[in-house]
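So the sequences go chain by chain: A and B.
Numbered per the numbering used here, the first sequence spans residues 842 to 1088.
Numbered per the numbering used here, the second sequence spans residues 842 to 1088.
Treat the hints loosely; a few may be bogus.
[To be verified] Heads up, incomplete: computed chain A residues facing chain B, CB under 8 Å, no partners named:
id, residue
1, Gly954
2, Lys1030
3, Pro1033
4, Ala1047
5, Leu1065
6, Asp1066
If you are wondering where the hints come from, they were derived from the structure by calculation, not from laboratory data.
Think of the CB as a built atom: it goes at the ideal place given N, C-alpha and C, for glycine as much as any other residue.
2 protein chains.
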Amino acid sequence: MELELKYDERLDHVLGSGLKIIQSPSVFAFSLDAALLAHFTYVPFHKGKIIDLCSGNGIIPILLSKKTTVSILGVEIQERLYDMAKRSIMFNKLDNQIEMIHGDLKDMPRTLGKGKYDLVTCNPPYFITPNTKEINENEHLAIARHEILCTLEDVISVCSDLVKEGGKVSLVHRPGRLVDIITMMRKYKVEPKRLQFVYPKIGKEANIILIEGIKYGNPDLKILDPIIVYKDNNEYTDLLREIIDGN
Amino acid sequence: MELELKYDERLDHVLGSGLKIIQSPSVFAFSLDAALLAHFTYVPFHKGKIIDLCSGNGIIPILLSKKTTVSILGVEIQERLYDMAKRSIMFNKLDNQIEMIHGDLKDMPRTLGKGKYDLVTCNPPYFITPNTKEINENEHLAIARHEILCTLEDVISVCSDLVKEGGKVSLVHRPGRLVDIITMMRKYKVEPKRLQFVYPKIGKEANIILIEGIKYGNPDLKILDPIIVYKDNNEYTDLLREIIDGN
């Protein structure tokens, strides 16, 4: 089908998927984090509903569509990103499975109803809003990276509202916020059950965390096997290749 | 010096230390956990005071004595273990540096005063007390392993009471309790700052966690490099050898 690319957009391959996605270096380009979250998260296969918050250019719904036949709803507050996501979904002929909403995640429990989703995924902004001087001067990137339009507590409270009892909430974030994430998940009754750490190399600190909780779940956390990104010779590890290839 | 061994006790080498310790298979034998905690924890070198709770046969004070010249106080509630610790300390001529108290950790803030220690270490009982049928029938082992005489919340609240403002609390535990530990540390104003996971092998879930917090610290958690115990060929990794050798 015909695809319109706007501004500095380009059409990138989604590795290992046969799918393509519209990206823009000045607005949003998906990173390893999205692939890691799509690999990590539980996914309902044939029954149920998935919602992805802070969807950006739609990369997580697009990646999840390879793993499940259930309907996926993406929510993005930035109109330009929402528009990129819509066009990528159309281009990949995924519009029967994936729907996008242009809106604020904080409105979603009221708009969509509470407790309707089997899985809520989110790759939220990572950084607490700094003072205006330090913030990324590109507004699109700043909103995607900093807690400008939603705080971590907003994200977790909305995830909790949207997910069913017994349903799952999966997030990707940075180690510096793990304590906040765990205390807030418990506060909002999403018990952390699976945690996985991503280390750039053996001998290095983790730089990415993956966490999944169950609404009203019983306390019992598992810490999954470590994901090591690079071997000593700076090549990707086999596990990372599998993740990038979408297995 | 003369050493009296009682019952089924034996005198074991503390690997890599040149020290020896009294152990007893029916009462308490130290495990990798103690070596991991001694390796992981921050230690004040020349100034300050250390207290170790749930000391068992004194393994952690004995291991820490190799890393610091400051005084170390061990607290153990079981008289037989306390007695083993005392004799090991005497045998190693560490009685100038290490003191043992036979008592309940819950009494220590009142007995010793609040906010006096630069470091509190603890390798607490790991398991929530099951019903009496399932519990380990050996009372000594049961007390060391199950939360019979103190709960996790007792441990963390006492650690918080004993440590100075800006001082550190270091614990070793199991992944299943990480969420409880993090939420309780925050509740008792010991902000988690360093977290390290021990994986039996690449590709396996973590089975030991090491966590250190700072009293009234600012939120900012680091997740240290992964400790992998065995290589693919089932030999210890180099890092694990270093830890066992006390480096």
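Is the shortest C-beta separation between Asp1066(A) and chain B less than 8 Å? Holds: closest Cβ of chain B sits about 5 Å from Asp1066(A), inside 8 Å.
Per-residue hint verdict: Gly954(A), partner chain B, C-beta under 8 Å: violated (29 Å)
Report holds or violated for the interface hint on Leu1065(A), using the least CB-CB distance to chain B and a cut-off of 8 Å. holds (6 Å)
Identify whether the interface hint at Pro1033(A) stands, where standing means a beta carbon of chain B within less than 8 Å of its own. holds (5 Å)
Using Cβ atoms only, decide whether Ala1047(A) comes closer than 8 Å to chain B, and label the hint accordingly. holds (4 Å)
Just to be careful: measuring from the Cβ of Lys1030(A) to every Cβ in chain B, is the smallest value less than 8 Å? Hint violated; Lys1030(A) Cβ to chain B Cβ min 13 Å, cut 8 Å.
Against the hints set out earlier in the document, violations occur for numbers 1, 2.
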